[in-house]
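> As a plain string of letters, each chain reads:
2 protein chains.
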Amino acid sequence: MPKFEHHIFVCGNQRPAGHPRGCCDPRGEAKLQKLFKQKLAERGLKATVRANQSGCLDQCEHGPNIVVYPEAVWYGRVTEADVDEIIDSHIVGGKPVERLVLAPACLNTATCEHRKPKD
Amino acid sequence: MPKFEHHIFVCGNQRPAGHPRGCCDPRGEAKLQKLFKQKLAERGLKATVRANQSGCLDQCEHGPNIVVYPEAVWYGRVTEADVDEIIDSHIVGGKPVERLVLAPACLNTATCEHRKPKD
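Note that the protein sequences, when read in sequence, are chains A and B.
Just so we're aligned, residue 1 is where the first sequence starts under this note's numbering, counting upward by one.
Just so we're aligned, residue 1 is where the second sequence starts under this note's numbering, counting upward by one.
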């Protein structure tokens, strides 16, 4: 199969403790990405769906963030408890998990209400 | 603008020297990703196009690899000398740089002729 049917990028960025924007993986353990990888393998999806660690996806206020391509679905506040649902509903079933989808007013928006103004 | 018009993921994986699959960024310096980021900023594209470091994209024999979403165009053997052309032709002009596009017979294919058989 030439291209991944879905390619999941899990933000693994760290910032110093207390940074106003926060970060997605403060301990740098990549637990979320590793869990996606494990669960995809368990479902026999390893060849067609890949879960990669990524650098800062720049939606820090909403993290932990992931983005799923090619459909460009962005999720925020993703926890390990959400991984099964994202795989089963979105990746397998084609139905994104709406409660975790980043709102258009928040995505790539410097004026997002969740972003603290710079001092 | 809610979603990136293009999202470039640059493989930053390292493997030990001499590994049969090779790797995309043996020195772990992220030079290619940093150059994409710099050149995009210089062209005023920072808000609409993002270049991220990523974990292993698993096309190691063809590295350094990058993938551009949402169009899912995969490139191999990308060097710093190719960055301007990829941005100008593909990202700005909408025309992928065909000479660097990974062949379908190589992408995600364990039988790719460039992959050395396991011992």
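Worth double-checking, as some hints may not be accurate.
One copy or any two copies: either way a pair holds, since identical chains are not told apart in the list.
[To be verified] Cross-link-like lysine to any residue pairs, in silico, SDA-like; alpha carbons within 20 Å at most:
{"id": "1", "residue 1": "K95", "residue 2": "G22"}
{"id": "2", "residue 1": "K3", "residue 2": "A72"}
{"id": "3", "residue 1": "K39", "residue 2": "E113"}
{"id": "4", "residue 1": "K39", "residue 2": "R21"}
{"id": "5", "residue 1": "K95", "residue 2": "P70"}
{"id": "6", "residue 1": "K3", "residue 2": "A103"}
{"id": "7", "residue 1": "K116", "residue 2": "E29"}
{"id": "8", "residue 1": "K34", "residue 2": "K116"}
{"id": "9", "residue 1": "K31", "residue 2": "K95"}
{"id": "10", "residue 1": "K3", "residue 2": "D84"}
{"id": "11", "residue 1": "K34", "residue 2": "E113"}
{"id": "12", "residue 1": "K39", "residue 2": "C56"}
Since the hints were made in silico from the structure, they are not lab data.
> Against this structure, judge whether each hint is valid.
Status of each hint after checking the structure:
In this homomeric assembly, K95 and G22 never come within 20 Å of each other (Cα to Cα): the closest approach is 29 Å inside a single copy and 37 Å across copies. Taking the shortest Cα distances, K3 and A72 sit within 20 Å of each other both inside one copy (15 Å) and across copies (8 Å). In this assembly of identical chains, the alpha carbons of K39 and E113 never lie at most 20 Å apart, being 34 Å within a copy and 30 Å across copies at closest. Taking CA atoms no more than 20 Å apart as the test, K39 paired with R21 passes in neither setting, with 30 Å inside one copy and 25 Å between copies.
Both within a single protomer and between protomers do K95 and P70 lie at most 20 Å apart by alpha-carbon distance, with minima of 14 Å and 18 Å respectively. In this assembly of identical chains, K3 and A103 lie within 20 Å of each other by CA distance solely across copies; the values are 11 Å between and 28 Å within a copy. Proximity of K116 and E29 under a CA criterion of 20 Å is satisfied in neither setting, with 26 Å inside one chain copy and 31 Å between copies. Taking CA atoms no more than 20 Å apart as the test, K34 paired with K116 passes in neither setting, with 30 Å inside one copy and 26 Å between copies.
For a Cα distance limit of 20 Å, the shortest separation of K31 from K95 qualifies neither inside one copy, at 24 Å, nor across copies, at 37 Å. For the identical chains of this complex, K3 and D84 are neighbours neither inside a copy (23 Å) nor across copies (25 Å), given an alpha-carbon limit of 20 Å. In the homo-oligomer, the alpha carbons of K34 and E113 never lie at most 20 Å apart, since the shortest distance is 31 Å inside one protomer and 29 Å across protomers. In the homo-oligomer, the alpha carbons of K39 and C56 lie at most 20 Å apart only across protomers (18 Å), although the nearest pairing inside one protomer, at 23 Å, exceeds that limit.
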